[in-house]
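Going line by line, the protein sequences match chains A and B. All the letters of the first sequence, read from the start, carry residue numbers 51 to 384 under my numbering. All the letters of the second sequence, read from the start, carry residue numbers 170 to 456 under my numbering.
Incorrect hints may appear among the rest.
[What the hints assert, rightly or not] Computed cross-link-like contacts, DSBU-like style, restricted to lysine-lysine with a CA-CA straight-line distance of at most 30 Å: (1) Lys131(A) / Lys217(A); (2) Lys180(B) / Lys126(A); (3) Lys329(B) / Lys327(A); (4) Lys180(B) / Lys195(B); (5) Lys126(A) / Lys217(A); (6) Lys291(B) / Lys360(B); (7) Lys289(B) / Lys180(B); (8) Lys329(B) / Lys345(B); (9) Lys150(A) / Lys329(B); (10) Lys291(B) / Lys327(A); (11) Lys119(A) / Lys289(B); (12) Lys360(B) / Lys289(B); (13) Lys395(B) / Lys329(B); (14) Lys119(A) / Lys150(A); (15) Lys345(B) / Lys360(B); (16) Lys327(A) / Lys345(B); (17) Lys180(B) / Lys119(A); (18) Lys195(B) / Lys345(B); (19) Lys82(A) / Lys126(A); (20) Lys379(A) / Lys189(A).
If you are wondering where the hints come from, they were derived from the structure by calculation, not from laboratory data.
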Amino acid sequence: MWDAIESAASLPWGRRDCQQPGDYRLEAGNDKLCFDVVNGPQSLKPLTFVARERLSSISRQEGDDGVCKINFYPAKPEPEKIAVLGARACDVAALAMQEKVLAQGEYADPFFAARKEALLVIVVNCTRSADTCFCASMKTGPKPSSGFDIAMTELEDMFLIEAGSEKGGAILDALALPAAENDEVEAAESAIAAAAASQSRSVDQQGLPQALYDAHNHPNWEVVASRCLSCTNCTMVCPTCFCHAVEEVPSLDRGESERFRAWDSCFSPEHGYIHGKNMRPTTRERYRMWMTHKLGAWIDQFGASGCVGCGRCTSWCPAGIDFVEEYGKVRESS
Amino acid sequence: MSVAACSSTAKAMRAHDIHPARIIEKLEETPGIYTYRLRFEEQEIADCFAFAGGQFNMLYIFGVGEVPISIVSDPEDSHILDHTIRVVGRVTEVIGRMGVGDVMGVRGPFGRGWPLEEAKGKDVLVVTGGLGCAPVVGAIEYMFRRREQYGHIRIMHGVKTPRDLLYRERFDLWRKEPDTEVLLASDQPEKTWRYHTGVITELFEIVEMDPANTVCMMCGPEIMMKLAARRLTERGLPENALYLSMERNMQCGIGLCGHCQIGPYFSCRDGPVMRYDLIASFLAKDV
């Protein structure tokens, strides 16, 4: 979880995560490491595309002539500056994708843009992968190529640090750190390479998105739907999911109303509903929508996969549904 | 009108911001279906607002929420905006109770409408079905106001029972237009039904068409459109001359909220009117 820290003592020294489908545990690890927890349920998404954002308030007044007027007051994005310490390669890849979706189209979302601008991202390159990780196959990690201000690689008793932006460069200049030795750089690179090599899950993107469009009637959708609880966990922890709905919250005296944007999920029954019919009436269609969009249609829409390989959808699924495994089944001929 | 207010930035802002508009006329088309004529309260918004035939607005009702509704008035006069709504849900029920002088919010315009430019100089086939099809009424009237710019216009409308036939007067008026045919079909007609008995696709068999010189605009239940599109393309109508109005859960209007996807498309942004060749493989496969 992201939270404010006062000092380095608040970091999770000697702890590591153990992730399996439907299972997340913290256990004792190496006391000399404080960034050995690969990831938790939160990506950077809640910091830039917040779970609930006030969009506007509206007032209604009745004039002396009995004529009603309504006035709209759009909310101004005024985010506080946040420095994030310990983001991962998958997280910054997802942040870049969210920026493409929400802020680089014809109708840029002012809230996302302002929050992203106010963010300083300090990445930790992964030197260990969780069992659920598959960033190597999505080509997003374990080390990011861009999208961060500062990147650190943690070795025992040492960090290797590099800047990824002007902002990050200015900070490193001010710290006046000694240059890294070649063997230290090699040790860091080989730890990162080992983390990539240790990943057992992979997504074969060959033939996407068409292969998933063609798999529309694959029998596995029904099979996975029999296990899926439609709980929306996967879409809530997914760092790229951007679906949202607007809630109208009128005051009790009906003089004012507020509009809030809140995360929505393609697993909710209302997502595909339109007066009297549901385009995705059962979990089968909803699971198919989720995977076909994430791994397939996203490529047509935004030029790259919507999946960054963080594995959260798998770890945080209460039914232990393994996203990569289910994708593999759908790619097998029916 | 100030140049700044009409800039593309202002257009982008209008996608997020709601502007108040007042009802200046209300017309009951048939019980439960009303056309509202709206005018923006702010003069500079009224001056800058421009839309294309078949685009839609999100209509906002104070304390209730928004609903996507096609603009059916003529794009040449964007100072007045006509919206036809059918009372079917939470928001439209409130709209149905509103009257002249009441105020609502407008966010838009959004989406892509009917191929009214592409259809110029060609024959037009309009195929509609079910309980009224307001989105295409605006397009039909647009063409009749510019009758000389279009070839033969053929309007086909299918209903289950004659009771479902809305806009009866409009069909009668359209029938009187030059070089125009109106063909109606009912699956389950009563004895007094003087038109075709059967489903709408049967009408395709009884007319002479010039498929290479025809643009087809279609609006209705997805299963009807799917069957009709299949039949028409078999008769030689090119897939890229066939346009379908796709109904999905449209909430944001700008392709950001995710609800209205059809394959790789966001129907609010890439539609709601979409070319058949682009979406044929994504039409409801389970029906």
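Hints, verified against the model:
| no. | hint | in the structure |
| --- | --- | --- |
| 1 | Lys131(A) / Lys217(A) | holds, 13 Å |
| 2 | Lys180(B) / Lys126(A) | holds, 18 Å |
| 3 | Lys329(B) / Lys327(A) | holds, 18 Å |
| 4 | Lys180(B) / Lys195(B) | holds, 28 Å |
| 5 | Lys126(A) / Lys217(A) | holds, 25 Å |
| 6 | Lys291(B) / Lys360(B) | violated, 37 Å |
| 7 | Lys289(B) / Lys180(B) | holds, 28 Å |
| 8 | Lys329(B) / Lys345(B) | holds, 25 Å |
| 9 | Lys150(A) / Lys329(B) | violated, 46 Å |
| 10 | Lys291(B) / Lys327(A) | violated, 35 Å |
| 11 | Lys119(A) / Lys289(B) | violated, 42 Å |
| 12 | Lys360(B) / Lys289(B) | violated, 39 Å |
| 13 | Lys395(B) / Lys329(B) | holds, 17 Å |
| 14 | Lys119(A) / Lys150(A) | violated, 38 Å |
| 15 | Lys345(B) / Lys360(B) | holds, 25 Å |
| 16 | Lys327(A) / Lys345(B) | violated, 36 Å |
| 17 | Lys180(B) / Lys119(A) | holds, 23 Å |
| 18 | Lys195(B) / Lys345(B) | holds, 26 Å |
| 19 | Lys82(A) / Lys126(A) | violated, 44 Å |
| 20 | Lys379(A) / Lys189(A) | holds, 22 Å |
The structure fails hints 6, 9, 10, 11, 12, 14, 16 and 19 (numbered hints given earlier, in ascending order).
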